[in-house]
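Peer 1: Protein chains in written order, with the working numbering: chain A, 1 to 112; chain B, 113 to 227.
No lab work stands behind these hints, which were simulated from the structure alone. From the three backbone atoms N, C-alpha and C, an ideal C-beta is built for every residue, glycine too. It is possible that part of the hints are untrue.
[To be verified] Facing chain B, a subset of chain A residues (Cβ under 8 angstroms, in silico):
1. G28
2. A31
3. Q41
4. G42
5. L43
6. F45
7. Y48
8. N52
9. A88
10. S95
11. Y101
12. F103
Residue strings, one per chain:
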Amino acid sequence: GAGVSQSPSNKVTEKGKDVELRCDPISGHTALYWYRQSLGQGLEFLIYFQGNSAPDKSGLPSDRFSAERTGGSVSTLTIQRTQQEDSAVYLCASSLAGVGYTFGSGTRLTVV
Amino acid sequence: AQSVTQPDIHITVSEGASLELRCNYSYGATPYLFWYVQSPGQGLQLLLKYFSGDTLVQGIKGFEAEFKRSQSSFNLRKPSVHWSDAAEYFCAVGTLIQGAQKLVFGQGTRLTINP
Numbered sequence: 001g002a003g004v005s006q007s008p009s010n011k012v013t014e015k016g017k018d019v020e021l022r023c024d025p026i027s028g029h030t031a032l033y034w035y036r037q038s039l040g041q042g043l044e045f046l047i048y049f050q051g052n053s054a055p056d057k058s059g060l061p062s063d064r065f066s067a068e069r070t071g072g073s074v075s076t077l078t079i080q081r082t083q084q085e086d087s088a089v090y091l092c093a094s095s096l097a098g099v100g101y102t103f104g105s106g107t108r109l110t111v112v
Numbered sequence: 113a114q115s116v117t118q119p120d121i122h123i124t125v126s127e128g129a130s131l132e133l134r135c136n137y138s139y140g141a142t143p144y145l146f147w148y149v150q151s152p153g154q155g156l157q158l159l160l161k162y163f164s165g166d167t168l169v170q171g172i173k174g175f176e177a178e179f180k181r182s183q184s185s186f187n188l189r190k191p192s193v194h195w196s197d198a199a200e201y202f203c204a205v206g207t208l209i210q211g212a213q214k215l216v217f218g219q220g221t222r223l224t225i226n227p
């Protein structure tokens, strides 16, 4: 597509429930990234995928967080047993090598 | 490990005034440097980037930034701001790993424009 698409744009969930956030990158972009932006904070790196290489999961805050990228395209970020501190905007970005990111508009997650 | 510091959390300038947003980075090699802008409720938009070459980089919307290796800085400037420039600005430093750019972002500077 023309841009990075994220869905849903907003998600309200109850504490303890699992959520899935979707990212559809720009067609042809080999790298895909997930970041988290908490209220009044900068962007916290979570995970990235590059081609067929093993993903860099070094930013995932706990084992409740996982992500996959199917067929080198769409990615899903899953948060299990959500906690209130998981409330944030989750941003996805994609890139061609060395060009800089194109970000999606994000998914605002609220855990109540 | 890389890090980015944006010393100013919030800056207010008058419309038409000049602007400089500060960014200092820590990185052992030649960095890839970026400035992004985030308008309220929006995603991040790339303003400009520095990879190599000319240390004065021109971006979109009339912004420019200058890479100063001796000061580990990459400050963003604009000669005359417009009300539409009110937004959050993020500086980032990146490393190229297997064709992917892993970016580390600063905490952001919120820019308010007075009419």
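Peer 1: Are the hints correct? Go through all of them and say.
Peer 2: Hint by hint, here is what the structure shows:
Below 8 angstroms, beta-carbon pairs count as interface contacts, and G28/A has none with chain B, the closest being about 13 angstroms; its hint is therefore violated. Because the closest C-beta pair between A31/A and chain B is about 4 angstroms apart, less than 8 angstroms, the hint holds. At a threshold of 8 angstroms, the smallest CB-CB gap from Q41/A to chain B is about 7 angstroms, leaving the interface hint in force. The beta carbon of G42/A comes within 4 angstroms of a beta carbon in chain B, closer than 8 angstroms, and the hint placing it at the interface holds.
The beta carbon of L43/A is positioned within 8 angstroms of a beta carbon in chain B (closest approach about 4 angstroms), and the interface hint is therefore held. Because the beta carbon of F45/A sits about 7 angstroms from the nearest beta carbon in chain B, less than 8 angstroms, this interface hint is met. The beta carbon of Y48/A is positioned within 8 angstroms of a beta carbon in chain B (closest approach about 6 angstroms), and the interface hint is therefore held. Among the interface hints, the one on N52/A is violated; its C-beta lies about 10 angstroms from the nearest C-beta in chain B, farther than the 8 angstroms criterion.
The criterion of a C-beta within 8 angstroms of any C-beta in chain B is not met by A88/A, whose closest approach is roughly 14 angstroms, and the hint is violated. Checking S95/A against chain B by beta carbon gives a least distance of about 6 angstroms; that is within 8 angstroms, so the hint holds. The beta carbon of Y101/A comes within 7 angstroms of a beta carbon in chain B, closer than 8 angstroms, and the hint placing it at the interface holds. The beta carbon of F103/A is positioned within 8 angstroms of a beta carbon in chain B (closest approach about 4 angstroms), and the interface hint is therefore held.
In summary, the numbered hints that this structure violates are 1, 8, 9.
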